[in-house]
Amino acid sequence: MGGWAIAVHGGAGVDPNLPLHRQEEAKQLLTRCLNLGISALNSNLPAIDVVELIVRELETDPLFNSGRGSALTEKGTVEMEASIMDGPKRRCGAVSGLTTVKNPISLARLVMEKSPHSYLAFSGAEDFARQQGVEVVDNEYFITPENVGMLKLAKEANAILFDYRIPNGCETTCGANVESPLHMNGLPISVYAPETVGCVVVDREGRCAAATSTGGLMNKMAGRIGDSPLIGSGTYACDLCGVSCTGEGEAIIRATLAREVAAVMEYKGLGLQEAVDFCIKTRLDDGKAGLIAVSKNGEVAYGFNCNGMFRGCATENGFMEVGIWE
Amino acid sequence: MGWAIAVHGGAGDISRSLPHDRRQPREEAIRHCLQIGVEALQSNSPPLDVVELVVRELENIPHFNAGRGSVLTSEGTVEMEASIMDGNTMRCGAVSGLTTVVNAVSLARLVMEKTPHIYLAFDGAEQFAREQGVEIVDSSHFITPENVERLKLAKEANRVQIDYNAQPIQNDTKKEKPCANGDSQIGTVGCVAVDSNGNLASATSTGGLVNKMAGRIGDTPVIGAGTYANELCAVSATGKGESIIRGTVARDVAALMEFKGLSLKEAADCVVHERTPKGTVGLIAVSAAGEVVMSFNTTGMFRGCATEDGYSEVAIWSDAQVE
Chain H
12 MGGWAIAVHG GAGVDPNLPL HRQEEAKQLL TRCLNLGISA LNSNLPAIDV
62 VELIVRELET DPLFNSGRGS ALTEKGTVEM EASIMDGPKR RCGAVSGLTT
112 VKNPISLARL VMEKSPHSYL AFSGAEDFAR QQGVEVVDNE YFITPENVGM
162 LKLAKEANAI LFDYRIPNGC ETTCGANVES PLHMNGLPIS VYAPETVGCV
212 VVDREGRCAA ATSTGGLMNK MAGRIGDSPL IGSGTYACDL CGVSCTGEGE
262 AIIRATLARE VAAVMEYKGL GLQEAVDFCI KTRLDDGKAG LIAVSKNGEV
312 AYGFNCNGMF RGCATENGFM EVGIWE
Chain X
1478 MGWAIAVHGG AGDISRSLPH DRRQPREEAI RHCLQIGVEA LQSNSPPLDV
1528 VELVVRELEN IPHFNAGRGS VLTSEGTVEM EASIMDGNTM RCGAVSGLTT
1578 VVNAVSLARL VMEKTPHIYL AFDGAEQFAR EQGVEIVDSS HFITPENVER
1628 LKLAKEANRV QIDYNAQPIQ NDTKKEKPCA NGDSQIGTVG CVAVDSNGNL
1678 ASATSTGGLV NKMAGRIGDT PVIGAGTYAN ELCAVSATGK GESIIRGTVA
1728 RDVAALMEFK GLSLKEAADC VVHERTPKGT VGLIAVSAAG EVVMSFNTTG
1778 MFRGCATEDG YSEVAIWSDA QVE
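Chains as they are written, first to last, in the working numbering: chain H, 12 to 337; chain X, 1478 to 1800.
Just chain H, same shape as in the assembly (with noise of 0.2 Å):
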């Protein structure tokens, strides 16, 4: 076996005009994470126990785009969802719409160790959070005034995106300032909060396990479903391999892209870093998005085709790195 690794990200398609201490920040975020991870690893916990604290770890800190700091849906209010997956026997659970549970990879832990289900959400999820005690805070304690500004700005960039399709040649009337040659989602990049976080562990025993956690896409219809709790798209895990997705959720979907990462190994032999790089190049068409990814030999790999992608990784040989652009 080739001994622990692990790779955290906080979301791909980041500002490139993003200030300096906001940068360094999100760093310092995903070292303590990934320090977190390291110390659990030296001390034999399961890959699957590893991902769960760190993605813990990640919702419970504002800055990223996942439980506390979450970004919020078209009535302002905050709809969590998140995936957690154990590779050595495919085990999984999935959790969306949670307005009040504190930290929703628990939940998804919850769901695959305690329900006969996979996957529950909304109402009858918070049913589900209450029935095992887990934490639970008002909708309130989510929303951060950061994110009410970026919902407000989205909102007045949507109406400038459709202003600008009205055939007239309205260009005088557009916002030339938010007219950025970069979009995610629909929304400007400066607009745009990257939607995810996630973890990928294998541990000394060569088992991998994968979690995924968002509050989604800014102004997003309520409702709304992306690929974060989809197993096979937004999250995988098995016996070769474990993977996170993040960036835009349709194109992640359709390229079933954590799953897809996992069937090239599978299928057509290739190692992790040729299967990630694979799978962004020619699994995406349009589509912008990132991911991590470990192996059970020990490899981590990561790839993304947008603007930079919040990301850490480290090896039990020593090995570490915390990045944003390429």
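No lab work stands behind these hints: they were computed from the structure. Note that the Cβ used here is the ideal one computed from N, Cα and C, for glycine as well. It cannot be assumed that every hint is accurate.
Unchecked claim - Residues on chain X that point at chain H, a partial pick, calculated with CB under 8 Å: (1) M1478; (2) G1479; (3) G1610; (4) I1613; (5) V1614; (6) L1630; (7) M1690; (8) I1700; (9) R1723; (10) L1733; (11) T1776.
Said to hold, decoys possible - Some chain H residues flagged as far from chain X (calculated, every beta-carbon gap over 12 Å): (12) G108; (13) G217; (14) N230; (15) D288; (16) D296; (17) W336.
Fit chain X to the known structure of chain H by using the hints.
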């Protein structure tokens, strides 16, 4: 080459001693829906329209677990879900947690075509339905007496299970509870179609698992699990949702064809017989070349298929009856 279509009304532990009055209406319904699809393909309807049309018809028929006739949640309510996918563009749409929408598959298509999203659920989906003006009814419309009975039996079975664990009963016949209709595990309806130009589409719809927890989502609306279509094939799966999700069943058929060069039949058989536990999965699939396959590892699967060269079949168990 030529068009091909397949339809299913659910895979599961369908007893061979299913009474005639429970069997015949379903066979007839499959035959009827297949015919609708065939006529649409013969009039050059795009496969995406064909699968929607056929699944709408299946949803409206109360004998299957979708739309009217959906199984009930543990609370005695109906929560319906569906998805649809277009092979050429790989655009897709999905819905879950519907309680008043008459045709879930059509709402899934509207999500695909009229929103920037792929998947809407519960209140948000119901609200979207009203904005789109689709047909909605009181949720009692979907509830049939058979399903009320199924729920009752399922709850009793759970109670028997608990009793059995508490006091060892040497009575094995208690476990073999006589299913009132021998098909309490029936899940899902679906349709896959390909036209003579190799355009593919798939759609699946369901009420889910009998006695499921409220809010439970199965494989049906999960793209890659219950439904998938690309340029190679279109697949619709049925059976135990949790196994289909874990096995990314619909996607895997296509992946085996693409990455291992398997034929449609080899890929379907591999997924069903080698990669998923026995008794959990069935699927229908068509390829761009006009082939069709219907494969299952359960006792039976209500199904039918037809191809342009005149072949057609409607069957339940594994000895096919050629029509």
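Hint check results:
Taken as an interface hint, M1478 of chain X does not check out: its beta carbon lies about 26 Å from the nearest beta carbon of chain H, beyond 8 Å. The restraint placing G1479 of chain X at the interface with chain H is violated, with a minimum CB-CB distance near 28 Å, outside the 8 Å limit. A distance limit of 8 Å between C-beta atoms decides the matter here; for G1610 of chain X the minimum to chain H is near 17 Å, and the interface restraint is violated. Residue-level restraint check for I1613 of chain X is violated (minimum Cβ-Cβ distance to chain H is 15 Å; threshold 8 Å).
This hint is violated: V1614 of chain X has a C-beta 20 Å from the nearest C-beta of chain H, more than the 8 Å allowed. Because the closest C-beta pair between L1630 of chain X and chain H is about 17 Å apart, greater than 8 Å, the hint is violated. Given the 8 Å rule on beta carbons, the hint for M1690 of chain X holds: about 6 Å separates it from the nearest Cβ of chain H. Given the 8 Å rule on beta carbons, the hint for I1700 of chain X holds: about 5 Å separates it from the nearest Cβ of chain H.
Residue-level restraint check for R1723 of chain X holds (minimum Cβ-Cβ distance to chain H is 5 Å; threshold 8 Å). Proximity of L1733 of chain X to chain H holds as hinted, the smallest CB-CB distance being about 6 Å (cut-off 8 Å). About 21 Å separates the beta-carbon of T1776 of chain X from the nearest beta-carbon of chain H, more than 8 Å, and the hint is not met. Residue-level check failed: G108 of chain H sits 6 Å from the nearest beta carbon of chain X, not beyond 12 Å.
Annotated as non-interface, G217 of chain H keeps its C-beta farther than 12 Å from every C-beta of chain X; the closest such distance is 20 Å. A cut-off of 12 Å between C-beta atoms contradicts the statement that N230 of chain H is not in contact with chain X; the least separation is 10 Å. The beta carbon of D288 of chain H is kept farther than 12 Å from every beta carbon of chain X, the shortest such distance being approximately 15 Å. Consistency note on D296 of chain H: stated as away from chain X, yet its beta-carbon is not over 12 Å from all of that chain's, at 8 Å minimum.
With a closest Cβ-Cβ approach of about 27 Å to chain X, W336 of chain H is found to remain outside the 12 Å limit, as its non-interface label requires.
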